[in-house]
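Enquirer: If you want the building blocks of each chain, they are given just below.
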Amino acid sequence: MFPYLRLGPFILPMASLALLAGLWLGLPLIEREAARLKINASMLSNIILYSLLAGLIGARAGYALEFSSTYLANPLSLLALTPTTLSPSMGLAVGLIAFVIFIQRKQLPLRQTLDAIAPGLALFMAFVGFAHILSGDAFGAPTNVPWAIRLWNEYRHPSQFYEIFIALTILLVIREGFPKPEGSGLNFLLTVALSSASRVFLESFRGDSVFWPGGFREAQVISIFMMALSFYWMRKWITLESA
Amino acid sequence: MTESNLPSRKKRWEILMLVSLAAAVLWTVVSRVPSAVGAPLSSSPSPREGFLAPDFTLDTLDGKKVTLSELRGEIVLINLWATWCPPCRAEMPALENAYEQYKDSGVVILGLNVTNQDSEKDIPLFVDEFGLTFPILLDRDGSVSALYQLRGLPTTYFVNREGIIRTVVVGGPMNETFIRSKIEALLQEIP
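Respectively, the protein sequence lines represent chains H and B. Quick note: to get the numbering used here, add 15 to the position in the first sequence (first position is 1). Quick note: to get the numbering used here, add 569 to the position in the second sequence (first position is 1).
Okay, chain H solo, but in the shape it has when bound (with noise of 0.2 Å):
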């Protein structure tokens, strides 16, 4: 765990740098695939850059709102450089919106640019992952296993480690594994579908998760969702490639 890195008075997140190695590396994969399926990659690493910033503006503007009194007396907090007064679900939300209206607009093929997002998008999981070894978030259960590593203050499933373990192994399965028609969407779904499952079976070996009434984790509920949907989609999809 090294989650601060002290730079004169200047104190760096050694995660939000991780982040940012991974998509650093994340993109050219992204370039690098989309050229093979002759979409205009410079346009698609644009968009995601773009999104990406009005996910972070939306992020800032829904914690804005949750503590609007506070905010609308002193406006210009809006543009504060701190992380904790960020609302992921929002910034999620803004983001995807954004995506969607920018391929839209710039009229790129839905399920092709999905397709030449896979690679990248299972790669910079592999950097959440390992974003959370540096700041020692996402910790694991406690547990006696002989791999368990000592996190604060006792012995714990190496979690962050499973994480980074299934990203690489999601990124090999949708770049070798299965034969699917170039540019389908089919690969992006898959990616969405593996992540989804593993996090439904890791969550339960965390020490972190957020509990729902009668016991359910959080995670793992929104999880099931995301595979029925990507499983709705890849069916519909099927159908169209096999018509």
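One thing to keep in mind: the hints can contain errors.
[As the list claims (entries may be wrong)] Straight-line Cα separation of at most 20 Å, SDA-like style, residue types lysine to any residue; simulated pairs:
#  : chain 1 : residue 1 : chain 2 : residue 2
1  : B       : K580      : H       : W252
2  : B       : K672      : B       : R641
3  : B       : K634      : B       : P623
4  : B       : K672      : B       : P662
5  : B       : K580      : H       : L244
6  : H       : K251      : B       : E583
7  : H       : K251      : B       : R581
8  : B       : K579      : H       : R250
9  : H       : K251      : B       : K580
10 : B       : K579      : H       : S199
11 : B       : K580      : H       : A243
12 : H       : K251      : B       : R578
13 : B       : K579      : H       : A243
14 : B       : K672      : B       : G642
15 : B       : K580      : H       : R250
16 : H       : K251      : B       : L590
17 : B       : K580      : H       : Y247
18 : B       : K633      : B       : D710
19 : H       : K251      : B       : K579
20 : B       : K633      : B       : F703
21 : H       : K251      : B       : M586
22 : B       : K672      : H       : S84
23 : B       : K580      : H       : T254
24 : B       : K579      : H       : Y247
25 : B       : K633      : B       : K672
26 : B       : K579      : H       : W248
27 : H       : K251      : B       : L587
28 : B       : K579      : H       : G198
29 : B       : K672      : B       : F703
30 : B       : K579      : H       : E197
31 : B       : K633      : B       : L694
32 : H       : K251      : B       : L585
33 : H       : K251      : B       : I584
34 : B       : K580      : H       : W248
Everything labelled a hint here was simulated from the structure, so no lab data went into it. Remember, predicted model here, so these are calculated numbers, not experimental data.
We have chain H; now place chain B onto it with these hints.
Expert: Using the frame of chain H, we list chain B on its own:
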């Protein structure tokens, strides 16, 4: 792949999807933990979000003693600072304003001076300069800084009424809007 193979291949995919989905639902039901609802992430205290804030007792600048666990039931901000630290100086007015605004709503701010890295005689001057009215704690031997695994100054812990850390902010300065939004979130928590 021939045309005649397509329907059976599609059927196999559909069965695989249904089986995967059923397995995921089953695993979710089997692995649920009813006793974990609303509980802290661990019974052992640790200086991070979701854990009980490690307990300590320290002298205050005016010769009293403060024990964190005795403040259970109140929202507590623990701000680790030093007189020589520029971002600590920058965020002090915001902390004082927040304290003035919320002290009657059950919010306590503990200004925990990292005294083993500071000059004790400079502390009263600092307090006077900023007109601080919240309790100033003196960590003379650095034991609480070590307990909280201090990585940089300032560091602030937002602790809810049950003694669970909700937000950790390493570095600064925090602005008043940020502090108020975090306090408001803690006030909205149902005890």
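Enquirer: Look at each hint and say if it fits the structure.
Expert: Against the structure, the hints come out as follows:
{"no.": "1", "hint": "B/K580 with H/W252", "result": "holds, 14 Å"}
{"no.": "2", "hint": "B/K672 with B/R641", "result": "holds, 15 Å"}
{"no.": "3", "hint": "B/K634 with B/P623", "result": "holds, 16 Å"}
{"no.": "4", "hint": "B/K672 with B/P662", "result": "holds, 15 Å"}
{"no.": "5", "hint": "B/K580 with H/L244", "result": "holds, 18 Å"}
{"no.": "6", "hint": "H/K251 with B/E583", "result": "holds, 11 Å"}
{"no.": "7", "hint": "H/K251 with B/R581", "result": "holds, 15 Å"}
{"no.": "8", "hint": "B/K579 with H/R250", "result": "holds, 8 Å"}
{"no.": "9", "hint": "H/K251 with B/K580", "result": "holds, 13 Å"}
{"no.": "10", "hint": "B/K579 with H/S199", "result": "holds, 15 Å"}
{"no.": "11", "hint": "B/K580 with H/A243", "result": "holds, 17 Å"}
{"no.": "12", "hint": "H/K251 with B/R578", "result": "holds, 14 Å"}
{"no.": "13", "hint": "B/K579 with H/A243", "result": "holds, 17 Å"}
{"no.": "14", "hint": "B/K672 with B/G642", "result": "holds, 13 Å"}
{"no.": "15", "hint": "B/K580 with H/R250", "result": "holds, 10 Å"}
{"no.": "16", "hint": "H/K251 with B/L590", "result": "holds, 17 Å"}
{"no.": "17", "hint": "B/K580 with H/Y247", "result": "holds, 14 Å"}
{"no.": "18", "hint": "B/K633 with B/D710", "result": "holds, 17 Å"}
{"no.": "19", "hint": "H/K251 with B/K579", "result": "holds, 11 Å"}
{"no.": "20", "hint": "B/K633 with B/F703", "result": "holds, 13 Å"}
{"no.": "21", "hint": "H/K251 with B/M586", "result": "holds, 13 Å"}
{"no.": "22", "hint": "B/K672 with H/S84", "result": "holds, 19 Å"}
{"no.": "23", "hint": "B/K580 with H/T254", "result": "holds, 11 Å"}
{"no.": "24", "hint": "B/K579 with H/Y247", "result": "holds, 13 Å"}
{"no.": "25", "hint": "B/K633 with B/K672", "result": "holds, 19 Å"}
{"no.": "26", "hint": "B/K579 with H/W248", "result": "holds, 13 Å"}
{"no.": "27", "hint": "H/K251 with B/L587", "result": "holds, 15 Å"}
{"no.": "28", "hint": "B/K579 with H/G198", "result": "holds, 18 Å"}
{"no.": "29", "hint": "B/K672 with B/F703", "result": "holds, 9 Å"}
{"no.": "30", "hint": "B/K579 with H/E197", "result": "holds, 17 Å"}
{"no.": "31", "hint": "B/K633 with B/L694", "result": "holds, 19 Å"}
{"no.": "32", "hint": "H/K251 with B/L585", "result": "holds, 15 Å"}
{"no.": "33", "hint": "H/K251 with B/I584", "result": "holds, 15 Å"}
{"no.": "34", "hint": "B/K580 with H/W248", "result": "holds, 15 Å"}
Consistency note: the structure conflicts with none of the earlier hints.
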